[in-house]
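First to last, the protein sequences are chains A and B. Each position in the first sequence, counted from 1, maps to that position plus 673 in our numbering. Each position in the second sequence, counted from 1, maps to that position plus 673 in our numbering.
One or more hints might be untrue.
If chains are identical, the list can't say which one is meant, so a pair holds when it fits in one copy or spans any two.
Cross-link-like lysine-lysine pairs, in silico, DSSO-like; alpha carbons within 27 Å at most [unchecked claim]: (1) Lys754 / Lys704; (2) Lys704 / Lys758; (3) Lys707 / Lys758; (4) Lys707 / Lys754.
Just so you know, these hints were derived from the structure itself, not from any lab.
2 protein chains.
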Amino acid sequence: MLNTGTIIGFIAAFCTTASFLPQAIQTIRTKDTKGISLSMYSLFTFGTVLWLTFGIMSSNYPVAIANGITLLLALVILTYKIRYK
Amino acid sequence: MLNTGTIIGFIAAFCTTASFLPQAIQTIRTKDTKGISLSMYSLFTFGTVLWLTFGIMSSNYPVAIANGITLLLALVILTYKIRYK
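Using the sequences provided together with the hints, build the complete structure.
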């Protein structure tokens with residue numbers, strides 16, 4: 674059963690995951706990564722790997738799927754940051 | 674009781690929350706926000722407000738606290754992005 678809290682959680686997960694899409698698109702298009710923090714994306718990418726692990730270990734598939742997608746987007750941004758300093 | 678999954682979840686939350694600190698510091702210092710996506714920080718900030726709401730509604734205080742901190746950091750970055758386009 675979906676209560677209000679669960680629905681808010683789903684929308685929250687959608688927003689925080691989807692938010693990395695416009696950043697990835699902008700970074701791919703402009704290759705402007707000067708304002709982006711390497712420390713942020715290194716730590717964030719590592720964190721999403723752990724969230725993905727946590728989601729799989731606890732059979733929490735919404736967490737696993739959301740973080741799997743976020744991980745892919747964060748990896749794109751991190752790769753561009755390293756390549757186009 | 675803390676099992677391995679819970680510990681991984683805590684470290685994951687710490688990393689993804691803490692990762693926004695170096696970005697906020699870099700943005701405050703350099704005021705260089707050209708490479709940062711306004712759409713990303715708008716959607717991300719909205720998402721963390723929902724995560725905070727979800728954490729409070731479900732009495733999940735680690736989620737509420739982690740997202741409260743992330744929200745503050747994201748708001749700093751968003752404010753700089755809007756002010757120094």
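Cross-check of the supplied hints:
Taking CA atoms no more than 27 Å apart as the test, Lys754 paired with Lys704 passes in both settings, with 8 Å inside one copy and 18 Å between copies. Within a single copy, Lys704 and Lys758 get their C-alpha atoms as close as 9 Å, and across copies as close as 17 Å, so both meet the 27 Å cut-off. In this homomeric assembly, Lys707 and Lys758 come within 27 Å of each other (Cα to Cα) both inside a single copy, at 6 Å, and across copies, at 14 Å. Proximity of Lys707 to Lys754 under the C-alpha cut-off of 27 Å is found in both arrangements, the shortest distances being 8 Å within a copy and 14 Å between copies.
Violation of the numbered hints given earlier is absent; every hint is satisfied by the structure.
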